[in-house]
Amino acid sequence: IYNLESAEPLILKPLNESLKAGGYGSFPSAALDFPDESIDFLRLLVNDPITTFPGRVSGDSLKDIGVLDGDWCLIQKGIEARPNDLVAAIIEDQFFIKRYRPKYTEGNKLKELKLHSANSDFLDFDINDETEFFLWGVVTWTFRNWRKL
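Numbering (our numbering), first residue to last: 1353 to 1501.
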């Protein structure tokens, strides 16, 4: 298993300008190509190296929210899942990544739990007392390689 705790820092210098994803704007200053700050990328991505694990997504059940087959993710154990988080779960002895969808009673007790697929070709998992289920961790990041180098 890859140990993130022993990894050397990965220091990168970020752009000082936000990257717009729509519309046209004025050109930023050329001086912004040389920012003063730097970022330790591993520290940005990994809050706790002991409880964080990389994983590879397999399948297209989350394609409608932009998580595709072959994407990478970081999963952190030991943090509480919130509604709509992506979670890694073991269901019937298989690992899955799904959207966490709990419903609560007025007294804030868990009424039902769904693990939601974001693709109509896939069924959601309805978790009940008979389901072999273990919430393994919460997905904190997903990554896609846009260009193979």
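If you are wondering where the hints come from, they were derived from the structure by calculation, not from laboratory data.
Every residue gets a Cβ at the ideal spot worked out from N, C-alpha and C, and that includes glycine.
Treat each hint with caution, since some may be false.
Quick list of in silico lysine to any residue cross-link-like pairs, SDA-like style, CA-CA up to 20 Å [stated by the list, open to error]:
#, residue 1, residue 2
1, K1463, I1479
2, K1463, K1429
3, K1415, E1482
4, K1455, F1486
5, K1429, T1494
6, K1466, N1497
7, K1429, P1406
8, K1429, D1412
9, K1466, D1412
10, K1466, K1500
11, K1466, D1478
12, K1500, I1431
13, K1500, N1436
14, K1415, D1437
15, K1455, D1476
16, K1365, D1412
17, K1461, Q1446
18, K1429, E1482
19, K1455, E1482
20, K1429, K1415
21, K1466, D1416
What follows is a set of in silico ranges between Cβ atoms, one per label pair, in the way DEER data are often shown [as the list claims (entries may be wrong)]:
#, residue 1, residue 2, range
22, N1480, L1501, 28 to 34 Å
23, D1476, F1393, 21 to 27 Å
24, I1363, N1480, 35 to 41 Å
25, E1432, F1393, 32 to 38 Å
26, I1431, R1499, 43 to 49 Å
27, N1399, R1499, 38 to 44 Å
28, E1444, S1472, 19 to 25 Å
Each hint tested on the structure:
1. K1463 - I1479: This hinted pair holds, its Cα atoms lying about 11 Å apart.
2. K1463 - K1429: Outside the cut-off at roughly 24 Å; violated.
3. K1415 - E1482: violated (29 Å)
4. K1455 - F1486: holds (18 Å)
5. K1429 - T1494: Holds - the C-alpha atoms of T1494 and K1429 are around 15 Å apart, at most 20 Å.
6. K1466 - N1497: The given pair, whose Cα atoms are some 30 Å apart, is violated under the 20 Å limit.
7. K1429 - P1406: Satisfied, since the Cα-Cα distance of roughly 11 Å is no more than 20 Å.
8. K1429 - D1412: Outside the cut-off at roughly 23 Å; violated.
9. K1466 - D1412: Roughly 18 Å separates the two Cα atoms, so the pair holds.
10. K1466 - K1500: violated (36 Å)
11. K1466 - D1478: Holds: K1466 and D1478 sit about 5 Å apart, inside 20 Å.
12. K1500 - I1431: Measuring from Cα to Cα gives roughly 33 Å; hence the hint is violated.
13. K1500 - N1436: violated (31 Å)
14. K1415 - D1437: The given pair, whose Cα atoms are some 15 Å apart, holds under the 20 Å limit.
15. K1455 - D1476: The hint holds at about 14 Å.
16. K1365 - D1412: violated (34 Å)
17. K1461 - Q1446: Cα-Cα ~27 Å, so violated.
18. K1429 - E1482: Violated - the C-alpha atoms of E1482 and K1429 are around 24 Å apart, more than 20 Å.
19. K1455 - E1482: Holds, at about 18 Å.
20. K1429 - K1415: violated (24 Å)
21. K1466 - D1416: With Cα atoms ~17 Å apart, K1466 and D1416 stay inside 20 Å; holds.
22. N1480 - L1501: 28 to 34 Å: violated (46 Å)
23. D1476 - F1393: 21 to 27 Å: Given about 34 Å between the Cβ atoms, the range is violated.
24. I1363 - N1480: 35 to 41 Å: violated (48 Å)
25. E1432 - F1393: 32 to 38 Å: Hint violated: Cβ distance 26 Å, outside 32 to 38 Å.
26. I1431 - R1499: 43 to 49 Å: violated (32 Å)
27. N1399 - R1499: 38 to 44 Å: violated (28 Å)
28. E1444 - S1472: 19 to 25 Å: The hint (19 to 25 Å, Cβ to Cβ) holds, given that E1444 and S1472 are roughly 22 Å apart.
Figure legend: structure checked against the earlier numbered hints; hints not met, in rising order: 2, 3, 6, 8, 10, 12, 13, 16, 17, 18, 20, 22, 23, 24, 25, 26 and 27.
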